[in-house]
Amino acid sequence: MTDSSNQNSTAPAVSPTIKFEFPIRNSDGKQFKDAEEIYKAIENEKSGHYLLGSNKFWHGGIHISDLSAPQCVLHEPVRCIADGEVVAYRLSKDYLTSSFGEGEGAKSLKYTNSFCLVRHEYESPPNPEVGANKDKQNKLTFYSLYMHLLPFERYPLSPEETPNQKIKMIAGGFTARSDAKGEPGCHTYGAIATGTEFEILDKKGTDEVYAKGKILKGSVVGRSVGQEVWFAYKKNGEVYPRSAGGGASWFEILPPQRGRPNYWHGKVKATVGPRPLPLFNAPASPTNQQNAGTPIGSMALVASSVVAFDSEKVVNLNVAGSLRRMAECTLISGGLGGEGTAPPTFWACVENELPEPTMRWDTVTPADETFKEVILTSIGIKAGDPIGYLGLMENLADESGEVTRKHQVHIEVFTADPKIEEFLQNLAGLTTGKQFLRLPANTELTKKAPQTGTVKLLKEHIVELSKAPIFKDPAEWYEPKVEEDGQNKTGLIAKANAEIITQHDLEKLGFRIVKESSTGADGFLDPDDMPEFFKGLYSDLDRLGNADGKVTPEDFPKALQNAELRSHWSKLIAYHPTEWKDKSGEAKWGRLAQILEDSPKSLMHEKARIDELVFWSKLSGKAEVPADGMVCHFHPIEFIEYIKIKPKFEFTLDMMKKVYPLIDSSKYGDLQAVANELNAHIDFFKLDTPLRRSHFFAQVMQETGPLFSVEESFLWKASSLIATFTYFSNNPSAAHAHGYQTTKPIKADGTAVTQADYEAVANGAYGGRAQLGNGNYASGDGWKYRGRGLKQLTGRANYRDFTTWYRSNSDQWPNEEHDFEASPDFLIQMKYAVRSACYFWVDHNLHERADGGPTDAVVDLITDVVNLSTNSRPERKANFKRIWDGEYFK
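Per our numbering: the sequence shown = residues 52 to 941.
Careful: at least some of the hints might be erroneous.
Unchecked claim - Below, computed lysine-lysine pairings styled on DSS-like, alpha-carbon distance capped at 30 Å: (1) 470 with 187; (2) 559 with 498; (3) 718 with 768.
Quick caveat, the hints were computed from the structure, so don't treat them as lab data.
Between the sequences and the hints, there should be enough to build the whole structure, so can you do that?
If you want it as structure tokens, here you go:
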């Protein structure tokens, strides 16, 4: 055992915004959206399900294999589920082997005991509410374990894993043929364009070699992508030249290699790029969370320079407000971009992961003596960082020696935190985060008219609040839908009587600790010793599985497709002994000897593996765990789904530019100001769902126009004034005096429209409008209270009401006292342009109308309030469709 835990003695700082990720990603590298997506992906798993393992022993984790995540064999690594620190790992040099039988019939089975153990310190956001719980936080120390990872020597691609060579033409004009030049029946197709890419399928020739290539992209005259051609490939063993004495005609596109995890101890050789690498002086304290040293002037290594450093000494340091992985480095090749010479040693950012890589780690070479050893360490790791790849596990199917083969990882989340009960009970009293509607057993839902009576729920149900639409009659009701024993049930529950809980109320959400009543727990799952609620779920496994009268691992694939059962089963927190503590000779495994007493060869094989897999007794320091191995296990996927804090939506300049694609860049500052103001009050403004945001901006787009104007224009055609406004229809001469005749901005008398004309038009259009609270034409209220802001707030009464609302919500903007009736021009400032629009949105409950759905009818319902008599309804619907279909605000 090697202990280097003092190298980086300071753990990553606890953060209320600790990030979480699911342990695998899709084949395209994108994260799974939610637990439902990942559960769907792992439905193919035939074994290794949560809680019940082979031979009815407790199983504290889940298996993810190449049956459900083949991408994790080669292209996509298994990833760390949360920010934390690697406290222990074991890396095998190559696969271990276990023997089955003796003599000629003996078999050797490959497996891996490589693992990574990460410690996490979770703290919820502080409780923001004034009162006894102010600033309280829920806390939990927990671990994530990743077992059966790929051994070190299997990271380079094997011949079986190496794809056909791919090349890219850097010279154009080479001839594409139907066969190698000179072959019978060969004919030409045409020229190959520069940049064309091929997959090499075959080769012919010796001194002058022709290759058959499948066109992957680019252009070949007479052929198309996906078709095959022959072309000049090599000459005298070298890449075929462009021309006599010229350079190469193509270069090889190297296949992607497996990336090495950052937590291995070893010597790293890395290539700088894609940008120059700034050099730093040594930090005052080279430990996690401390400040980086000062830059060494403007020194920076050019891209493609090669550096070396020790991965064991990488630390997370603060650089300009962000934590970056840094290490002391030496230069192997390359150099500075300007004058001068790089110092013998220097500090630099050594990030090799997106989104901000500074270099590519080409090789990590652990010392030979560290292989197979449990390495105790303290290396910062972030959610989503690579942990490793699926390792090969060859297992016995039965005593006959039949072997099954798959690549897999075993993932666990466990805790020995003595305050787990307080954590589950939400001792901090948090009411923030994702909300749920809790429906206890025996809840009676009222049937929706014209039906009468009630629907009784026999079991407890938890429904995401966003999936329980609101119904009004005129009282407000939630309308949840649940599945119970195979039946769909729905009805109404009064909003005033509903119990709303949040993602922090884990116990109320159904997370329960289960333990055997027997004091002699040995790792064997005995349902007779379990609580009643567990027994019911346990029997459901067979009822919903293969229904053969007994519960076995074979029931899980089908039974867990039932969302109701899966939801309850996955929330069980099992308190039982870890399977990584006792060697095969310990009392715990006596039960295994009884089970396999008729399979002596299998028993011997399994016991030999158990001795190689255990590691618990070697953990200490930051990796210290209970000596008796008793810990609480969570279902990893369910735990992540409920504990993670979904990143809060933020409006961005890029989003705003999508809404206003025609806007001049000079107005980008205004758009950013709008985004900033919305982000500062997004919940208060009731813009907390994609649907609400999309409906809001469908209206705002129409009010501000494509060029984003927060002040109403009064450049009107005279005939339009007469047709639109009563004042001008009664005074057509005034319309011709102040509106343009045919061509903007020329009036009937041949002069251009002036500021005085704009004011006259506004006063004629809005003067004397009682519903707007304006005085008559002569009062000037039409102009003074013209449309301003994102919603084009219009009329003295609306400015007055906005002021009242603004003052009643002064806690949102302390020390900003304003009277918008007295100073209406405030509304052309972006801050107040936003607030005025959101006042109208919130005060008129338009967010509730928006919740009605992504339909034209809902757009009309909102338009009825924003501008009832407008002729722009089709445009507002088109705005919404563009925003919603384009997913601008998801």
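Taking the hints in turn, this is what the structure says about them:
{"no.": "1", "hint": "470 with 187", "verdict": "15 Å, holds"}
{"no.": "2", "hint": "559 with 498", "verdict": "26 Å, holds"}
{"no.": "3", "hint": "718 with 768", "verdict": "27 Å, holds"}
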